[in-house]
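Visitor: Chain by chain, the residues:
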Amino acid sequence: MKLGRIALLLAGATALEFFFGGSKYRGVWPVDWLLVATAIVARSGGFGRAVLTGAAAGFLEDALTETLLGLNAFAKAGIGYVLAFVSVRVIFGGAFAVGGVIALCCLANDAIVAVLRSLLLGAPVVLGSPEALWRAVATGTTAGVLEAAWSFPWREWRERRRAGRLR
Amino acid sequence: MLLASVLVLCVLALSAQAPARSQRGSVLQSWILTVAGPVATALGTVSRGVSGTSTSFVDSFTARAENERLRRQVERQNEELFRLRAEVGQIRGELGLRASAPFLPSVVASAPVLLLERRAGLQSALIGIGSSSGVTAGSPLAVPEGLIGRVVTAGRTLSRVQLLLDASAAVGARVVRTGDLGIVRGDGRGALLLNHVSTTSRVRAGDVVESAGIDGIYPRGIPIGRVESVSRGETLFLDVRVVPAASFSRLTDVLVLAPFPAAEPEGPSATR
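Listed in order, the protein sequences are those of chains A and B.
Converting from the first sequence to my numbering requires adding 4 to each position, the first position being numbered 1.
Residue 196 in my numbering sits at position 202 of the second sequence, and the numbers go up by one each step.
Misleading hints may appear alongside valid ones.
As the list claims (entries may be wrong) - Stretch by stretch, here's where chain A covers chain B in the computed footprint (C-beta under 8 Å, at least three residues):
#	segment
1	40 to 46
2	132 to 140
3	239 to 251
Derived from the structure by calculation, the hints contain no laboratory data.
Don't be surprised by glycine CBs; every beta carbon is placed ideally from N, CA and C.
Could you put the whole structure together from the sequences, leaning on the hints where they help?
Guide: Structure follows, in structure tokens:
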């Protein structure tokens, strides 16, 4: 994936974070758009770009919401690498597989950040809260839907529909 | 190799900031907030506009069934009503808050909540106001229902807020009925815990908990919440769970209060 597209993807993800985060219905479907952006880059299989995108996305998140810069950057860089590895070496096909992997990554992101906050700030480790689980479900489902939409044969489907109408 | 480099960079960045964490946030973060301010404010405005429109749509949905001709008129009126109600509610809340607590420091301004982050024990928010409006790090925040948190980093037009629900947040508190003092802490999961209340205390479910003004950050007399349950812990203190007075998940606007001077320097330490 080209660098311009990655920058555009990150800008879009940040815009979506603000768009939904500023709404009073923010808790209804809390998607981690920056993690989705990292996963989209990792899907192309580039380890370096996935790691750097993860780090940049995490850094953005840290700058806006975290106490320390680097917590989410650390977590998302690692997740970017893992996602690229999963994409290239193992399997990264099918909406359900993608959704499940992203949901797990969302929980892993929370866990890494919680442990780092505990080590550096002495904050209590809070894991597996209902909010975190719901966020993982929302992020995984959204990523799964995006994967399904991406891999769906739209052209064939449109041609089949047109052929059906002609008949 | 690249992953290792990025991770090492992150660790270095974290190490560089760690010693100053209890102060007022890093200069770098303040700069980033200042740069991000206009974009975040614009996006927040669009988002709030969409929320407002959707709310108006829902409000006018029942009226629409009555008459097709009246539908548009009702929708327009509802939009205006929604806006006016929000304005009146905000002004009334601000006045009510001041009237209910005359010792409250002056309200600096009200600000929209642009982003709310709730993950891994972190409960923070971005608000659309900054140092250009007189907001400084440490300014307490409240809504008419009660205390919300405090500003930790102030950019020029954008500030980062630590909510009371954050696992690292704490506020000196007082049970109104019994006068018992304690420390309210966020549990990072959306609830509050009142610590350091002796087992001899007569605190019970339903008691109102307010800020005690002993931490040098939060002013005295602002409602924090209501006691939900009291149980005997394994220590000398009671386990007291408190339901927050304010609805954190549906925050749209907050009042920024003037920074509170330390009343008693030897009191319990406030938010870390």
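Visitor: Hint by hint, note whether the structure agrees.
Guide: Okay, the hints, checked on the actual structure:
Beta-carbon proximity to chain A at under 8 Å applies to 5 residues in the segment 40 to 46 of chain B; the threshold of 3 is reached and the given coverage holds. Proximity of the segment 132 to 140 of chain B to chain A, defined as three or more residues with a beta carbon under 8 Å from a beta carbon of that chain, is not established by the 0 residues found. As drawn, the segment 239 to 251 of chain B meets chain A at 4 residues by the rule of a beta-carbon pair under 8 Å; at three or more, the given contact holds.
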